[in-house]
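Residue numbers (the numbering used here), protein chains in the order written: chain L, 1 to 114; chain R, 1001 to 1113.
Please note that the accuracy of each hint is not assured.
To be verified - 30 Å max Cα-Cα, derived DSS-like pairs, lysine-lysine:
{"#": "1", "chain 1": "L", "residue 1": "Lys-44", "chain 2": "R", "residue 2": "Lys-1068"}
{"#": "2", "chain 1": "R", "residue 1": "Lys-1068", "chain 2": "L", "residue 2": "Lys-11"}
{"#": "3", "chain 1": "L", "residue 1": "Lys-44", "chain 2": "R", "residue 2": "Lys-1037"}
{"#": "4", "chain 1": "L", "residue 1": "Lys-44", "chain 2": "R", "residue 2": "Lys-1022"}
{"#": "5", "chain 1": "L", "residue 1": "Lys-62", "chain 2": "R", "residue 2": "Lys-1042"}
{"#": "6", "chain 1": "L", "residue 1": "Lys-15", "chain 2": "R", "residue 2": "Lys-1022"}
Keep in mind that the hints were calculated from the coordinates and are not lab data. All figures in this text were calculated on a predicted structure; none of them were measured in a lab.
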Amino acid sequence: EAGVAQSPRYKIIEKRQSVAFWCNPISGHATLYWYQQILGQGPKLLIQFQNNGVVDDSQLPKDRFSAERLKGVDSTLKIQPAKLEDSAVYLCASRLAGGPYEQYFGPGTRLTVT
Amino acid sequence: GENVEQHPSTLSVQEGDSAVIKCTYSDSASNYFPWYKQELGKRPQLIIDIRSNVGEKKDQRIAVTLNKTAKHFSLHITETQPEDSAVYFCAATGSGGSYIPTFGRGTSLIVHP
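Excised from the complex, chain L in its bound form (with noise of 0.2 Å):
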């Protein structure tokens, strides 16, 4: 079974620029998730889809990050402008709709912001 794609998996911007990452989750994972991991934290929510549908998206910064699903599959995430806070891992990371079934994640795309 593949795994979640991202990509690219490094990205360094400078501030004000825009940026914009790519996932893939396994084939049938309708829930998918895009998480921010600062250095030394946990992975903070994002954005949460089921199928093409948000689910919730109360921690995305909306006035600079945007994503979406259209197709129920692949995924974006946008950010514009990119602000120096911003440098982190972002994470996506699907799983069957559902119960709680487990997460996986994908390989992450280090953001630097500079």
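With chain L held as given, fit chain R onto it using these hints.
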């Protein structure tokens, strides 16, 4: 929303000793509690989980206990090995049925040979 506290932030043990990491949660409606291991530069991986209808679960050297009344759950690792060295995260989820997870801040476990 849910709040998860995790202690200690760092735990240093000798090989062969036991290690215990504790988490508390605030939302009594949470009903699923996974534990993840994250090695340096790698993705978090599930090592064990427990549902609220179970008080204890064991998998070889790893066990998790849950006290719903006190709203805390713990990870126990016995006979620790150097390869157990990593950051461990607890999480609480399930409130409202949408399984929105809240993670603890992590515990850095160091096992000295």
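(request) Mind checking the alpha carbons of L/Lys-44 and R/Lys-1068 for me, to see if they're no more than 30 Å apart? (result) holds (24 Å)
(message) Next pair to validate is L/Lys-44 with R/Lys-1037; report whether the Cα-Cα distance is within 30 Å.
(response) Since the Cα atoms of L/Lys-44 and R/Lys-1037 sit roughly 16 Å apart, the hinted pair holds (cutoff 30 Å).
(request) Compare the distance between the alpha carbons of R/Lys-1068 and L/Lys-11 with 30 Å, and conclude whether the hinted pair is satisfied. (result) violated (42 Å)
(message) Check whether the Cα positions of L/Lys-15 and R/Lys-1022 lie no farther apart than 30 Å.
(response) violated (38 Å)
(message) Run the distance test for L/Lys-44 versus R/Lys-1022: straight-line Cα separation, threshold 30 Å.
(response) holds (19 Å)
(message) Hint check: L/Lys-62 vs R/Lys-1042, CA-CA at most 30 Å. Holds or violated?
(response) holds (28 Å)
The structure fails to meet hints 2 and 6 from the earlier list, while all remaining hints are met.
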